[in-house]
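Undergrad: Here's the letter readout for the chains.
There are 2 protein chains.
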Amino acid sequence: MSVELNDAAGERAIEALRVALGADAVLTSSENLREYRDPYDFKGSDEYTASAVVTPRSVEEVQAVLRIANELHVRLWTFGQGRNNAYGGSAPRVKGSILVSLREMNRVLEVNDDLAYALIEPGVRFFDLHDHLRAGNHRLWASIPDLGWGSVIGNTLEYGRGYTPYGEHPATACGLEVVLANGDVLRTGVGGMSNSKTWNAYPWSFGPSHAGLFFQSNFGIVTKMGVWLMRQPEVYLSGWARFHDDDAVGPLVDAVRELMLEGTIRNLPLLAYGINLGEGEATVGEDGWGLRFALYGRAGMVDAQYEIVRAALEAIAGVEVGRRLFRWDERDKVENHNDKVQGGIPGMELMDVFMTAYGEDTGHLDLSIVGPLIGSDLVERISTLRALYAQTEFPYLVGILLLQRSLLHISTLFFDTKDERQTRAAYDTYAFLAEELARTGYPIYRTNIQHMDLVADTFDFNNHAQRRFNELLKDTLDPNGILSPGKQGIWPKAMRG
Amino acid sequence: MSVELNDAAGERAIEALRVALGADAVLTSSENLREYRDPYDFKGSDEYTASAVVTPRSVEEVQAVLRIANELHVRLWTFGQGRNNAYGGSAPRVKGSILVSLREMNRVLEVNDDLAYALIEPGVRFFDLHDHLRAGNHRLWASIPDLGWGSVIGNTLEYGRGYTPYGEHPATACGLEVVLANGDVLRTGVGGMSNSKTWNAYPWSFGPSHAGLFFQSNFGIVTKMGVWLMRQPEVYLSGWARFHDDDAVGPLVDAVRELMLEGTIRNLPLLAYGINLGEGEATVGEDGWGLRFALYGRAGMVDAQYEIVRAALEAIAGVEVGRRLFRWDERDKVENHNDKVQGGIPGMELMDVFMTAYGEDTGHLDLSIVGPLIGSDLVERISTLRALYAQTEFPYLVGILLLQRSLLHISTLFFDTKDERQTRAAYDTYAFLAEELARTGYPIYRTNIQHMDLVADTFDFNNHAQRRFNELLKDTLDPNGILSPGKQGIWPKAMRG
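Same order as they appear, the protein sequences are chains A and L.
Residues in the first sequence are numbered from 0 upward in steps of one, following numbering that gives the first Met the number 0.
Residues in the second sequence are numbered from 0 upward in steps of one, following numbering that gives the first Met the number 0.
If you are wondering where the hints come from, they were derived from the structure by calculation, not from laboratory data.
Since the structure is predicted, the reported quantities are computational estimates derived from the model, not experimental observations.
Treat the hints with care, since some could be wrong.
To be verified - Listed below are the simulated SDA-like cross-link pairs for lysine to any residue, each with C-alpha atoms no more than 20 Å apart in a straight line:
{"#": "1", "chain 1": "L", "residue 1": "LYS332", "chain 2": "L", "residue 2": "GLY317"}
{"#": "2", "chain 1": "L", "residue 1": "LYS492", "chain 2": "A", "residue 2": "GLU46"}
{"#": "3", "chain 1": "A", "residue 1": "LYS492", "chain 2": "L", "residue 2": "ARG322"}
{"#": "4", "chain 1": "A", "residue 1": "LYS492", "chain 2": "L", "residue 2": "LYS94"}
{"#": "5", "chain 1": "L", "residue 1": "LYS94", "chain 2": "L", "residue 2": "GLY9"}
{"#": "6", "chain 1": "L", "residue 1": "LYS42", "chain 2": "L", "residue 2": "GLY9"}
{"#": "7", "chain 1": "A", "residue 1": "LYS492", "chain 2": "L", "residue 2": "ASP474"}
{"#": "8", "chain 1": "L", "residue 1": "LYS42", "chain 2": "L", "residue 2": "LEU471"}
{"#": "9", "chain 1": "L", "residue 1": "LYS94", "chain 2": "L", "residue 2": "MET494"}
{"#": "10", "chain 1": "A", "residue 1": "LYS94", "chain 2": "A", "residue 2": "GLY21"}
{"#": "11", "chain 1": "L", "residue 1": "LYS492", "chain 2": "L", "residue 2": "ASN181"}
{"#": "12", "chain 1": "L", "residue 1": "LYS42", "chain 2": "L", "residue 2": "THR361"}
To be verified - If you want the ones that stay clear, here's a sample from chain L, every Cβ over 10 Å from chain A, calculated:
{"#": "13", "residue": "ARG56"}
{"#": "14", "residue": "HIS137"}
{"#": "15", "residue": "VAL184"}
{"#": "16", "residue": "TYR357"}
{"#": "17", "residue": "SER405"}
We put the beta carbon where it would ideally sit given N, CA and C, even for glycine.
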């Protein structure tokens, strides 16, 4: 689909935005706009370039942006920090869209110590939330993803994950404030009562619950979110298992699933090949398999849990288990990436790992499929993917995040974004693999802007009932189609083929 | 609002339903319809009476019912088992509606032993699911509410709760199949891919997640649901705390919250005054406070957890803690109500307790408010409610269900449904209390058909943004307004004031 912003309307919109929000709040120079391109698209391409970046500082300014966009029928594309790298960064699906950057709406509005939650704005980064909790001596840990520079709200709304017991980020969101396309402000759940004491503590509504509508969505702009936090534990154990034999993968995954279902392991463990998940930094090029897991709580209980985990995993031939233990007041001693992410400490270490292949111009795509948390199924899928990758020029590099009943099987394609041929080959390979996996029932949970239509196409139940349902909602909630058209394959009426 | 079914259209619809589904599938005699009235409405009233009950046996028959209702513009009201007692039972909000009973769609379609879930139809009762799991020797426990006769799906969609670690029922639903008002079939989450291996294991979609739209809702008819189940633990400990002094309530609630946040207590504890939550049956009229909680897992871990809980609660003056312990193979020895519900064993014992006051004609209403899980706040609320109840003819009888960051503060009004004056007084008292509590920020999470508009009115944020949003969705998804009009205060356009 080739759709671009109408230039004349765009110019008028930019002028109106300058009047409404001030000239400082609107960037249009090509130098500025270059920073907001998809960092992993081919360096010479301008396909996913915006026409301007507008930075509202309040709900009222967000409403002003929407009013102007509706009047002039221009397209917007919203982000919190724009660090959705490997999935498009801050770049819009439609060339020439105006980016709505929420970076300036970056306040931690409340921390509730008793109920262990924070109420935040979309510009708050994982770094910011962590620093705020430390500075205020709150006995609370945030869950963080691999890189700390992203927006907590942005990551959560994309179904992002971390690695503590609060690592299933979409499940930790409690209470959204959303500005709808028409400028109306909705608060989800019991936030629908204006003086409610439990907006960020109780996750459901009286009547239908609306929060899910605003995940991976173009139905509204989320301007506040409650996020549940973890009570600081007495001790934190960062653990790992290592093995070389592929035959251990199936039994290990089944054993970890049972430890998760019984509540012994409560975080989100990571299984990977070729990445060091044990002692030292998370370097690549390691020989063999690694599993990373963590335990949290009272010292005696964590010791007992570790013995249960150790016994269960070392019962599998060739598996060796290890750990490091930290008291809550030893948080400053936590240094390596594995210990940090499982301990809720944000960092940027993994950026170096991502840049190993081709220096700072290295791009990567994550093929992120959802599978059942069953050892034999994962073993088959690994075999399938190895065979498929062997048909391409890219190696099979894999990290597998274990949820309680499912897993995210994430294989990563690295390429040189200065090399047009290789970059295009990576995107084509991604499409080939995504379609092959969908054919056998393995959906993608999150994708880059280039493949949103392709992935949406694989959701085929009942003649694409979900797409038809999303289009009905889109046309109702955003009749002018101003909000992030094409996101996740949801197009407004005027832009549908 | 006084709205009734158009008689002529109703007659034609009933005839069409008989042709489409067979005469057996349509009940219209006044004797039959009497069973489907609100059991706790005044016995002499016919305000909430249906004109017929239709019982589809398949998705195709549900679609046939919807087609007829759309053609003839008649109102439907759907239920799984119709046991939503104290909230209306199976009775419709609009007199003369045609009830859609899903009792005949009662298959357990799948039990996945590895991933610990079942895929079920809406007619499956808690009894049925439990029996199915026992009969198949599945090492899986269902969470159940106080009475076992209700629909698992019906209860879950009303945000019902049980008392195991899977007691937050809306959070255990994974994957809905919904027939929309226009007959289209939608599957939520990764069920949008027709061959997906993880529909009932992975709870999110690619794009927006739609499941929340179909809770306490009149946007569609849910015909299948995945429900997550608990892995059978090695041992199960049914525990309690008892005390007499009101001063212990605050510290006890704060202590339990910390035990829940750290993961020591993982079930949903119940705090109550005047109900025996310790040894023996759950009789009423006890003197003093009781807390019920439970622990599950490996024997050594449960022992250690119990010591932590005991020490934390007995540190509060006047609190005495006790327990009973069951091995997984001692499930048939579990006899009393408290042990059964915390062990996922359905029963009907509590029905006798409900009938204590006025025999089998006893009605009751549950005033179910949501508050923060903070001791001092609960103590204040108890004091407020005692003072408010003292202005009425009803005593303050209370059970408080503890979620992880919030609580459901449920006070129950008992009355004699043969006594019109007393029955009306109970409903009026409920309205008085609901409005008083809303004024200070305590919303109702679930209400009876008589008070749905009143409770919806208390969700006042931004000029009732949630109601306006729900009405927009209602008019889009169900333009003829055939599905459960008035449910949770959501009315179709033609019936709005």
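Undergrad: Tell me the numbers of any earlier hints that the structure contravenes, in ascending order.
TA: Violated hints: 1, 2, 3, 4, 6, 8, 10, 15, 17; rest satisfied.
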